[in-house]
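Trainee: One letter stands for each residue in the lines below.
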Amino acid sequence: EAQVTQNPRYLITVTGKKLTVTCSQNMNHEYMSWYRQDPGLGLRQIYYSMNVEVTDKGDVPEGYKVSRKEKRNFPLILESPSPNQTSLYFCASRAGLTDTQYFGPGTRLTVL
Amino acid sequence: SQQGEEDPQALSIQEGENATMNCSYKTSINNLQWYRQNSGRGLVHLILIRSNEREKHSGRLRVTLDTSKKSSSLLITASRAADTASYFCATDYTGTASKLTFGTGTRLQVTL
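Sequence lines, in order, name chains E and W.
Residue 81 in our numbering sits at position 81 of the first sequence, with consecutive numbering throughout.
Residue 101 in our numbering sits at position 101 of the second sequence, with consecutive numbering throughout.
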């Protein structure tokens, strides 16, 4: 089944404790992105990747890092999480620049 | 800033009625996509309409695009309680890489 998977689905952590949210897609898509969703603000893009080893900032990249060492994986790294990073995070992928974007199930992160 | 803005913010209708949601955007686009999200869950892709298309159908969904007015509408016919969800338009605008810009969504409530 074609899908985007994320882990963990839920995470509660404390300020400053490094964490990684994994994302994997099995559709051989070139493009992958991370978004965060906050009430009243909709979805905002954090980072995106156009291919292996090619990443770039989205609208809200501060406090996040990403890597794209393999085509299928695109982890999101929070080196020193803060409470304002409490949010619902979505990973997404698509084949081409103007194609349908497929979303993962989301990761609900709470930073205390 | 948000590229797509949905209207209305909330809509409540009875089962069997039609629901219409509108989306306005600001700059030239490659395509516009509509997504559905059940409360706190992942986004489900509904339909993609390209900038050279004016209307598209998928089951009970009808999407129109007016590039001169920079607007789109999503019509759900014969609504069902299961259509209760938030609906987002996302614009894929020209000149950028792998970025969808989302509006803040329309919350649709379908009652029995």
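Take the hints with a grain of salt, since some may be wrong.
Claimed, not checked - For lysine to aspartate or glutamate, the following EDC-like pairs were computed, each having C-alpha atoms within a straight-line distance of at most 20 Å:
| no. | chain 1 | residue 1 | chain 2 | residue 2 |
| --- | --- | --- | --- | --- |
| 1 | W | Lys-26 | E | Glu-62 |
| 2 | W | Lys-99 | E | Glu-53 |
| 3 | W | Lys-70 | E | Glu-53 |
| 4 | W | Lys-99 | E | Glu-79 |
| 5 | E | Lys-57 | E | Glu-79 |
| 6 | W | Lys-56 | E | Asp-99 |
| 7 | W | Lys-26 | E | Glu-79 |
As the list claims (entries may be wrong) - Covered, in the sense of this in silico footprint (three residues per stretch, anywhere, with C-beta under 8 Å from a C-beta of chain E), are these stretches of chain W:
| no. | region |
| --- | --- |
| 8 | 62-75 |
| 9 | 102-111 |
Hints in this document: simulated from the structure, not taken from any laboratory.
Predicted model, so just to flag it, every value in this text is computed and none were measured.
Glycine included, each C-beta is placed from N, C-alpha and C at the ideal position.
Trainee: Now tell me if each hint is right for this structure.
Mentor: So, going through the hints one by one against the coordinates:
In summary, the hint linking Lys-26 of chain W to Glu-62 of chain E is not supported, as the alpha carbons are separated by about 25 Å, beyond the 20 Å threshold. Pair hint Lys-99 of chain W plus Glu-53 of chain E holds up; C-alpha atoms about 18 Å apart against a cutoff of 20 Å. Distance hint between Lys-70 of chain W and Glu-53 of chain E is unfulfilled; the C-alpha atoms sit about 35 Å from each other, more than 20 Å. Only pairs whose Cα atoms come within 20 Å are accepted, and Lys-99 of chain W paired with Glu-79 of chain E is rejected, the gap being roughly 24 Å.
Simply put, Lys-57 of chain E and Glu-79 of chain E have alpha-carbon atoms about 16 Å apart, close enough for the 20 Å limit, and the pair holds. Straight-line distance between C-alpha atoms of Lys-56 of chain W and Asp-99 of chain E comes to about 16 Å, which keeps the hinted pair within the 20 Å bound. Among the hinted pairs, Lys-26 of chain W with Glu-79 of chain E is inconsistent with the structure: their alpha-carbon atoms are about 35 Å apart, more than 20 Å. Judged by the Cβ-Cβ criterion of 8 Å, the region 62-75 of chain W is not covered by chain E as claimed, because only 0 of its residues qualify and three are needed.
Residues of the region 102-111 of chain W with a Cβ under 8 Å from some Cβ of chain E number 4, which satisfies the need for three, so the listed coverage holds.
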